[in-house]
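Asker: Assembly of the complex is requested from the two constituent chains, each provided in isolation within its own frame, with the hints serving as guidance.
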Amino acid sequence: MAAVVFSKVRKEFGSFTAVHGLDLNIEEGEFVSLLGPSGCGKTTTLRMLAGLEFPTSGSIEIGDRLVNDLAPGQRDIAMVFQSYALYPHMSVAQNIAYPLKKRGVPTAEQRKSVEATATLLQLTELLERKPRQLSGGQQQRVALGRALVRDPKVFLLDEPLSNLDAKLRGYMRVELVELHRRLGRTMVYVTHDQLEAMTMSDRIAVMDGGELQQFAPPTKVYAEPANRFVASFIGTPAMTLVDGELAREGDSWTFNTDGLSLSVGTLADAAEAGSACLGVRPENVRIGQGSISATVKVVEKTGHENIVFLKLAGGHRLTARTSAQEVWQPGEAVKIALDADHVHIFGPGSRGSRWNRPAAAQEAPAPAQKTSMTPPTSKTGSTVQEATP
Amino acid sequence: MAFIKKLGFNLFAWAIVLAVAFPLFWMLVTSVKPAFELFRRPPTMLPETFTFEHYLRLIERTNFLTYFRNSVILSTATTIVVVAIGTLGAYSLVRFKFRGRESLAFLVLFTYLLPSVVLIIPLYLLLVQIGLANNIFSLVIAYTTFALPYALWLLRSFMAGIPEDLESAALVDGASRMGAFVDVILPQLLPGIISTALFTFILSWNEYLYALVLVNSDDARPLTTGVMNMLVSSFNIEWSLLMAASVMMSVPLIIVFAFLQSYLTRGFGAGGVKG
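Which chain is which? The protein sequence lines are A and B, in order. Add 152 to the 1-based position in the first sequence for the working numbering, that's all there is to it. Add 461 to the 1-based position in the second sequence for the working numbering, that's all there is to it.
Quick caveat, the hints were computed from the structure, so don't treat them as lab data. Misleading hints may appear alongside valid ones.
[Claimed, not checked] Take a look, some chain A residues computed to stay more than 10 Å from chain B by CB distance:
| no. | residue |
| --- | --- |
| 1 | S159 |
| 2 | R162 |
| 3 | W405 |
| 4 | E452 |
[Said to hold, decoys possible] Derived DSBU-like pairs: lysine-lysine, alpha-carbon spacing no greater than 35 Å straight-line:
| no. | chain 1 | residue 1 | chain 2 | residue 2 |
| --- | --- | --- | --- | --- |
| 5 | A | K160 | A | K305 |
| 6 | A | K453 | A | K372 |
| 7 | B | K558 | A | K305 |
| 8 | B | K558 | A | K160 |
| 9 | A | K487 | A | K453 |
| 10 | B | K558 | A | K253 |
| 11 | A | K282 | B | K558 |
| 12 | B | K558 | A | K254 |
Beta carbons: idealized from backbone N, C-alpha and C, even for Gly.
Just chain B, same shape as in the assembly (with noise of 0.2 Å):
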């Protein structure tokens, strides 16, 4: 009985993985393709024959690299803006009292009560008044707007974990209070820092509604918008450029993903109740 609920169990998370892990797989295998692959029937499970040339054209005839170029700039500056914000704004709001604090808090999260599409022309007026549109700054700009206050509540329930005895032995110790958040919060609250780095890198890679209405020039398109606009039009799909393209959309992600995965769980896990 018990291993038979075992491999029930088993056969289960494997479907799941299986259902999860398929269009990955076949991104990957249609961008090495040759075209003349792509449409036969039944399709090829594995390539008959390996071709780099997707990769290849996308690099060097499209705008691919410049495309990619803004969504790094993008999301670095995104999640440096939204980590030093969120942080200084968690700790204000866990160490100093004052009059409204929980309000504010609770403030801050009204911001997700209002669908983005509501907000979008607003900000785009506004970008546009203070001479910002179009460029890739407004979109840092948008996306902290939402980023920051999921980062600010993840960052804070991370700094409350945080014993307040710590700061005051530094402080004791001859730190000022810069020093004191620098050598003893910082290093204890990076699983926090890390957890909401990854959330906004991942949310600003990954935005396609504000780039597609705040930027229109093709120097200053993201990833997303930028390969849309360039391999999906009304008439024609480019599936060999668009899979080479999401691969090499996905690699970055990946490889943050593998470093900082256990921070990550660790994040989520330990964001309540410091054990």
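If we strip away everything but chain A, and leave its shape as in the complex, we get (with noise of 0.2 Å):
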């Protein structure tokens, strides 16, 4: 087992810069998911950690020893890959021996590795096959088990599920924690699906643009994005996001766009009027209760659940989770109101940080944090309403 640590490390190709100064650190026998649209660096972050390329500047660290200027062999590490890469001339027995080849492990040795590997992922059938006899999850499995046989101290996995079907998908994720937490061994793991970030992780390190954007628990990521970003990247359907202005009355900020004014109660310090954004996930949007006027778009009937799309009477947008049970009409004018304690206030710009205080802060003074909202008629925000009991 080993801590993984990631210390100002940028990586350019030529003019561009992938990776901007990350810094990274990864417990032992911790599952970490690296999430982020593509382009965003997460799998040249992982390349690096292969050792398939190396940093321009800064250190990688596996288990308290260097690994900058190491060949991926030396780094006791293995690598699950997008296309699995099974040795089309090998069978899958020799497949999952190599690695144990290469290192010189007797014959017998690797035999019995092989066999015990095989058994662990149900492939004792398929051990004389090659590879393209075998079906994607069989070839997935095989790509698992080259990895697994060698016992190493850091498993890499970059985006090995996204060439399965979905049922497959949903299995092997199961599947896959399951096994780290059988084995204990620190896995990072590259992912631009957040679905399998957050049902898998133990922590998420959200890239884009080469930048660590947030690095947290999933449970956090989802209910206190760092930024802007973060919060459109995390969750499905996404934060419904809404550019106003931000206005500072004593203690209080109230959030104002059009056929919105809303009082968010107290910010933190980085807080500042002027223009910021607005985000609510749509579970937190409550139809039929409190008083902003908004009309239903379209509904989308998933079986278990309704997302209906709303328009604000300024014109913006708005998504609403609903129960299977409550059934709203397009073109129905309906009033809704925002969960008080889950809207976000992020700053202006695509990456604008959140400016709610933390959570644990916002418990301590009670008073004045429920979050109330206005008709936009009342510019001095008088008519103050109850949004939520």
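Answerer: What follows is the structure, encoded as structure tokens:
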């Protein structure tokens, strides 16, 4: 087991900087996902950890050992590739045995390890086959087997599930989590699928444009996204983001935009009056309560819930999640309320940071916390109504 | 209608096969006819009496075996050199990123812009200067110069079809760069290597012009110039011996082809895009 530490790691390809001074401290036995859109530097980061790319500057440590200049084979890691990268001319058994062979493990021992791994992954029947004779799911398991067989310090997984169909993907997610629990090894998992990252990880490193945006447990990333990018990237349907103006009255802040004026209570010290962005998750929008006017545009029924797309009086769009029993018709004029404790305020710009007070700090001063909203008619905010019970 | 179409197609195809195969058949037949039967009119399709005396004469009383040995050494050496340089060159052109990589690849093809006649004299002078004239190895060098560019391009397209992840996986699994090349890249490249090897071998085996200009001593002559020099003179052509020599010159190629034909067709099909 090993901790993985990135310190100020920077990677340039010519004039393009793929990773800007990354600091990341992964603890022993942790399952960490590197999550982000394509081109965010997550795969480059993983390849640097694997030794397939070398950082332009900064240092990478695995288990207190500086690995910057070590070849991939000397780092005691194993990697599962998106394409599986099985050696086409070798049988399943030879594929799994290859890492052992390259480390000079005696043949008898190789065979024993291969058999044990095959049993673990239910590959025993397939050992003599060639990769092209296997289904996608089986190939995936062989790739996993080749990584497991050597019992490395760190497992690196580069979007290993993205080539599987949805059903198998769900199944393999559970398998991987179980495997991680059983082995207790450090795993670094690259994905662009936030659902995978949310369901499997101990912590998620959200990346964008080669920079780390947030590194926190899934629940925290969801509930307290560090900035606007993280907020928009995590969650399905995505968090609604509305641009507007933030105004201050003593300790209390108000967010204003067309069709919406909202008292958001106290904010962090970094908050500034002026342009800002309000974010609210679909499950924190209540239809049929409160006093904000909106029109139902589209209703998506998924069976266990409905996703309702709303348009505010000022033209802003809002997404709400309701139970399957609540039926709203397109075109219907409704009143909505936003869950007071769950609106987010972000600074300006696509990566504007979150200005809400941290959860722990919010709990302390109770009275000023209730978030209220007023119809846009009142610029002074005198007709304050409670949004939530 | 479909039947007529099929019949027409078959007739056409067989006509081409016949046109290609007849000279080969005639070569074989002529080589086993006794001399007196050669010029008989009307010609005999199949020989009335079979004889292998031409073959015996060729082997026992001429330098044929020396030429044959020279050709084998020359073609094998050229093939090894071209495949070795071509494989490593293609690897570096595909895997390593450096400035001018594409230009370099195109520059290599420039050799083909110049007719070989133009290159012969400079090459000859060059080989004389380094003391290699009149030597089999001068031909190895000469053939390498014009087989290598094509080999490089053929292998490059094969190499580009091998996923980089395979090599990365081998590196992570503990192989050195050379180890990954040998364990993973080479087996994947095998069809390409075989196509290239065949192309180079046939080219060196059949080459005439350079052999004529660069090698004058009888000890170093390959089959093509050796046989011509020995059997074709201004006044006489030894048809029987010439045909027997031609048959024996073709045999190695036919054997090599028979074994590797499936690789060759697969190679030409798979060169561009890997299925």
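Asker: Which of the listed hints are not met by the structure?
Answerer: none
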